[in-house]
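Engineer: One letter stands for each residue in the lines below.
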Amino acid sequence: AQSVTQLDSQVPVFEEAPVELRCNYSSSVSVYLFWYVQYPNQGLQLLLKYLSGSTLVKGINGFEAEFNKSQTSFHLRKPSVHISDTAEYFCAVSDKNNNDMRFGAGTRLTVKP
Amino acid sequence: GAVVSQHPSWVICKSGTSVKIECRSLDFQATTMFWYRQFPKQSLMLMATSNEGSKATYEQGVEKDKFLINHASLTLSTLTVTSAHPEDSSFYICSASRIWGYEQYFGPGTRLTVT
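Chains A and B supply the protein sequences, listed in that same order. Residue numbers 1 to 113, in the numbering used here, belong to the letters of the first sequence in order. Residue numbers 1001 to 1115, in the numbering used here, belong to the letters of the second sequence in order.
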């Protein structure tokens, strides 16, 4: 079965600074990769996904992620964050052969003014 | 497109009672629906997977007699928490998939508090 490790539980940054949220996965099969954002007391909103093709994936709200197969990573980046980006971010991996999706523990991004 | 709703958004019930949570795919047919549980400041843990018209497949450690899942149609799945106890208090999130092996679309979640 696949698994996901989010290397940072909390990431504090100042407004307009760049940010990278790290995600590593392990799987014996081909996978799809996802990043979700969760605001307090809300469900998950898809930021971006990697299914195939270009390893650099662009998502909503100015986020992007790069799939690195050799390093089994899928780090999320944003060149300049806003206060409104403060939220919990989850990396997830899904087995291509079924719908078994596993989530990382989450990274709490806090953007300070 | 691909909107999933949950009802209710939050519910408070007394210990020993049962609570039903609905998950609906509003603009697509969901061949598979998933139920997750999320404790405060923790990640989502998959509870069970259900295919329309079939019995749900529960993850290890999830009591199938306590968490009853019904997926009677391609747009509706229900989770019933039977004989609820305070430790069942949690955020329950459903998701739906319309193509096997593809993306899941998540509902907004249901906050259950058992007193």
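Everything labelled a hint here was simulated from the structure, so no lab data went into it. Careful: at least some of the hints might be erroneous.
[What the hints assert, rightly or not] Below, in silico cross-link-like pairs of lysine to aspartate or glutamate (EDC-like), each with a Cα-Cα straight-line distance of 16 Å or less:
#1 A:K96 to B:D1027
#2 A:K49 to B:D1088
#3 B:K1020 to B:D1088
#4 B:K1041 to A:D8
[Said to hold, decoys possible] Computed far set for chain A versus chain B, every beta-carbon distance over 12 Å:
#5 E66
#6 E88
#7 S94
#8 R108
A quick note: this is a predicted structure, and the numbers were derived from the prediction, not measured. Even for Gly, the Cβ is constructed at its ideal location relative to N, Cα and C.
Engineer: Tell me the numbers of any earlier hints that the structure contravenes, in ascending order.
Structural biologist: 1, 2, 6, 7 and 8
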